[in-house]
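Engineer: Residue numbers (UniProt numbering), protein chains in the order written: chain A, 1 to 406; chain B, 1 to 406.
The hints are simulated quantities; they were obtained by calculation from the structure and are not laboratory data. Any given hint could turn out to be false.
A pair counts as met if it fits within one copy or between any two copies, since identical chains are not told apart.
Cross-link-like lysine to aspartate or glutamate pairs, in silico, EDC-like; alpha carbons within 16 Å at most [stated by the list, open to error]: (1) LYS210 x ASP378; (2) LYS399 x GLU344; (3) LYS247 x ASP167; (4) LYS256 x GLU163; (5) LYS256 x GLU361; (6) LYS399 x ASP315; (7) LYS352 x GLU87; (8) LYS7 x GLU366; (9) LYS132 x ASP101; (10) LYS256 x ASP215.
Protein chains: 2
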Amino acid sequence: MKILQNKTLTDVSGFQAIGIHSGIKKSGNKDLGIIYSTKPAVAAAAFTTNIVKAAPLQINMENLKISQNTQAIVVNSGNANACTGAEGLNHAHQMTQTVADALGLSSSEVLVASTGIIGVPMPMQVVVPGIKAACELLATGTGASAAEAIMTTDSFVKSITVEVMIDEKPVLISGIAKGSGMIHPNMATMLSFLVTNANISKSLLSETLKDSVSDSYNMISVDGDTSTNDMVIILANGTAGNTLVEKADGNYGKFKEALDFVNKELAKLIAQDGEGATKLIEISLYNAKTQKDAKVCAKSIISSNLVKSAFFGSDANWGRIMCSLGYSGGNFVPEKVDILFKNEKGTIQLVKDGAGIPFSEEQAKEILDQKYVNIVVDLKDGEHGAVAWGCDLSYDYIKINGSYRS
Amino acid sequence: MKILQNKTLTDVSGFQAIGIHSGIKKSGNKDLGIIYSTKPAVAAAAFTTNIVKAAPLQINMENLKISQNTQAIVVNSGNANACTGAEGLNHAHQMTQTVADALGLSSSEVLVASTGIIGVPMPMQVVVPGIKAACELLATGTGASAAEAIMTTDSFVKSITVEVMIDEKPVLISGIAKGSGMIHPNMATMLSFLVTNANISKSLLSETLKDSVSDSYNMISVDGDTSTNDMVIILANGTAGNTLVEKADGNYGKFKEALDFVNKELAKLIAQDGEGATKLIEISLYNAKTQKDAKVCAKSIISSNLVKSAFFGSDANWGRIMCSLGYSGGNFVPEKVDILFKNEKGTIQLVKDGAGIPFSEEQAKEILDQKYVNIVVDLKDGEHGAVAWGCDLSYDYIKINGSYRS
Numbered sequence: 001m002k003i004l005q006n007k008t009l010t011d012v013s014g015f016q017a018i019g020i021h022s023g024i025k026k027s028g029n030k031d032l033g034i035i036y037s038t039k040p041a042v043a044a045a046a047f048t049t050n051i052v053k054a055a056p057l058q059i060n061m062e063n064l065k066i067s068q069n070t071q072a073i074v075v076n077s078g079n080a081n082a083c084t085g086a087e088g089l090n091h092a093h094q095m096t097q098t099v100a101d102a103l104g105l106s107s108s109e110v111l112v113a114s115t116g117i118i119g120v121p122m123p124m125q126v127v128v129p130g131i132k133a134a135c136e137l138l139a140t141g142t143g144a145s146a147a148e149a150i151m152t153t154d155s156f157v158k159s160i161t162v163e164v165m166i167d168e169k170p171v172l173i174s175g176i177a178k179g180s181g182m183i184h185p186n187m188a189t190m191l192s193f194l195v196t197n198a199n200i201s202k203s204l205l206s207e208t209l210k211d212s213v214s215d216s217y218n219m220i221s222v223d224g225d226t227s228t229n230d231m232v233i234i235l236a237n238g239t240a241g242n243t244l245v246e247k248a249d250g251n252y253g254k255f256k257e258a259l260d261f262v263n264k265e266l267a268k269l270i271a272q273d274g275e276g277a278t279k280l281i282e283i284s285l286y287n288a289k290t291q292k293d294a295k296v297c298a299k300s301i302i303s304s305n306l307v308k309s310a311f312f313g314s315d316a317n318w319g320r321i322m323c324s325l326g327y328s329g330g331n332f333v334p335e336k337v338d339i340l341f342k343n344e345k346g347t348i349q350l351v352k353d354g355a356g357i358p359f360s361e362e363q364a365k366e367i368l369d370q371k372y373v374n375i376v377v378d379l380k381d382g383e384h385g386a387v388a389w390g391c392d393l394s395y396d397y398i399k400i401n402g403s404y405r406s
Numbered sequence: 001m002k003i004l005q006n007k008t009l010t011d012v013s014g015f016q017a018i019g020i021h022s023g024i025k026k027s028g029n030k031d032l033g034i035i036y037s038t039k040p041a042v043a044a045a046a047f048t049t050n051i052v053k054a055a056p057l058q059i060n061m062e063n064l065k066i067s068q069n070t071q072a073i074v075v076n077s078g079n080a081n082a083c084t085g086a087e088g089l090n091h092a093h094q095m096t097q098t099v100a101d102a103l104g105l106s107s108s109e110v111l112v113a114s115t116g117i118i119g120v121p122m123p124m125q126v127v128v129p130g131i132k133a134a135c136e137l138l139a140t141g142t143g144a145s146a147a148e149a150i151m152t153t154d155s156f157v158k159s160i161t162v163e164v165m166i167d168e169k170p171v172l173i174s175g176i177a178k179g180s181g182m183i184h185p186n187m188a189t190m191l192s193f194l195v196t197n198a199n200i201s202k203s204l205l206s207e208t209l210k211d212s213v214s215d216s217y218n219m220i221s222v223d224g225d226t227s228t229n230d231m232v233i234i235l236a237n238g239t240a241g242n243t244l245v246e247k248a249d250g251n252y253g254k255f256k257e258a259l260d261f262v263n264k265e266l267a268k269l270i271a272q273d274g275e276g277a278t279k280l281i282e283i284s285l286y287n288a289k290t291q292k293d294a295k296v297c298a299k300s301i302i303s304s305n306l307v308k309s310a311f312f313g314s315d316a317n318w319g320r321i322m323c324s325l326g327y328s329g330g331n332f333v334p335e336k337v338d339i340l341f342k343n344e345k346g347t348i349q350l351v352k353d354g355a356g357i358p359f360s361e362e363q364a365k366e367i368l369d370q371k372y373v374n375i376v377v378d379l380k381d382g383e384h385g386a387v388a389w390g391c392d393l394s395y396d397y398i399k400i401n402g403s404y405r406s
């Protein structure tokens, strides 16, 4: 598998994409995107477990059941179309129908996603003309503009493309994603859209996506809030020409490895660009008794406001890490825990067998002052591991969320 | 039941209390307190569910089993004596033994509590002389000085005293508590110490405390972090002279009502004084299908960083409240939810049947700009209610926790 630099959605054969400003955002920034497979494609998706589900999610769940073919995704930022009642459902449906009419599809072959403020009616007077204009521009558009169109408080575009050879054919997987607040996915994710030219069955695609999401997007947290609009969608149009992947064989293994890589990279980019974040924190948790213990312990550390505030201040406050492990719900023996901090500036051990050991505050500060810090936690209690990602909690998180309105 | 203004622990018959500066805190602030019943007393306690339990909690659990009589509590701030290994247990035991020697008790008749930084050895060279000095000053001390001695980042003293007549005898319950970070109690609480002159059996005292804690301290959150040192203790010395309360009769009902009131008031004071808080937020959740649904929904709202940030900015962002309800784990029907904001400036409805309704942004801002805001959530789905308390999330939370070290 190799990473393709500077490639995006539209470098995958058979895919077009575009992002435009339709008028939802007052800032004039891009706010509407279309991703389109010119050939028939299968889709898989994962949705938030929040029981308050935005209108687009309800439409998509239905469309994925009705139709075997999925060729387009329409996505807007600036308005979440959540808690908008029956009118919101109509609006979401109208969005898929407008795309379908423009591209010669049935509305059930189109998926829809929204992100932005909750509870405000979608301004259809700009959205409908925007969709029509975007569909006309598709052929000439770039995936990069689509990646821009899904941004809200994101500070940079999140995009990655990889290539893996299957049956000697180059199979590409390319994804775009957006963060960066209300990020604490649970069995689903924030917005992330992936396309691939792999020839793969719908059922296997669905299974592999579910599995991949649980180790990537579900292992990040920015603020502990699981959104009403979380969604990851992958479209696979088979134009790579490989033999259909339909069971867990070697070709599936290659595809899965590449998909996992893409999802984890996008998840890390979201964590790194969490609202107000100044650094990316990676938790490497080793030797838990069960996989579940490993995951809940790792995620509890990255979700703690106190741990995150300490990292903002480059404070080697390992006590807060022990504390967050203790209330995680995971099982472990406190008296066995080791904790280390690691990055390009070196490695420093702070805790051995559950108690603090002397360390250089200067060296710790040097490590913590970097843009990336790896917290290594060894429970020494089993053989299961997990990795989670998050960010620090800064003044800017409050600034963004104490006043941000669209 | 009546509230006794300006009364504290030492106004309850048979109790002495003192707070001094022993030298643990570099600031020179009080850091060591003793609460002492001059007569035999029964005790009940609740402890954190964090599986990383500080040394004092381990000692207390043992002492409460060994001894029917509990006459003293020693508490320090500035050092949590958590994650300190076998040495920490020795230190905690040494603290109870020093009190026991000074007051003529056995060490199992003394409880110990600590709060402050995790993982640093307790400076016994100042703690032991401090305890001896404090015990000598007990007779002349005031409960107010003890309340000061347990403060860390608290900005004001938390204390309340009530009186209830039982068998025509005035029974007093007086409590002191500390917050104000690492506050998200679960089946237990932060530090809270109560004394009463009621004559009540140990087993009934224990049962009523457990029950009272679940509706008070367990319904507040400052930052979602459940501490390693949470503890609430009540001592009852029977000097009021009422007939022994030993079953759930009318006298028990009066005592329970007063105890609930004291615990809820202390819990609210802790929420109000959460690190960096500028306002107290009270969630009144009505008409849930079960008691559990009511509690998890109410607590989820108050624990959301996004809701808390919005309140800091006086932003009527009800979408974040709907979102936090949705991921709470509680069951409800999104399409039935009503949301209102209330306080002395008026009442405003923002959500009806799960969708936003028009409201005056000016009136909402006027309500949200006050020091107290009541969020009323009506699930219209059953008959169970719950109340939870918390605070907003401000720049100062980050300031305190991005640099605070003792």
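Engineer: Now tell me, hint by hint, if it's right for this structure.
Structural biologist: Verification of the supplied hints:
In this assembly of identical chains, LYS210 and ASP378 lie within 16 Å of each other by CA distance neither inside one copy nor across copies; the values are 27 Å within and 35 Å between. Taking identical chains as interchangeable, the C-alpha atoms of LYS399 and GLU344 are never at most 16 Å apart, the minima being 31 Å within one chain and 27 Å between chains. Proximity of LYS247 and ASP167 under a CA criterion of 16 Å is satisfied intra-copy only: 15 Å inside one chain copy versus 78 Å between copies. Taking the closest pair of Cα atoms, LYS256 and GLU163 come within 16 Å of each other only inside a single copy of the chain (12 Å); across copies the shortest separation is 68 Å, beyond that limit.
Within a single copy, LYS256 and GLU361 get their C-alpha atoms no closer than 42 Å, and across copies no closer than 49 Å, so neither meets the 16 Å cut-off. Taking the shortest alpha-carbon separations for LYS399 and ASP315, only the inter-copy value of 12 Å comes in at or below 16 Å, while the best intra-copy value is 22 Å. For a Cα distance limit of 16 Å, the shortest separation of LYS352 from GLU87 across copies, 14 Å, qualifies, whereas the shortest one inside one copy, 58 Å, does not. With identical chains, the CA atoms of LYS7 and GLU366 are never at most 16 Å apart, being 35 Å at best within one copy and 50 Å at best between copies.
Taking the closest pair of Cα atoms, LYS132 and ASP101 come within 16 Å of each other only inside a single copy of the chain (9 Å); across copies the shortest separation is 85 Å, beyond that limit. With identical chains, the CA atoms of LYS256 and ASP215 are at most 16 Å apart within one copy only, with a shortest distance of 12 Å there and 48 Å across copies.
In the structure shown, a violation is registered for the earlier hints numbered 1, 2, 5, 8, in ascending order.
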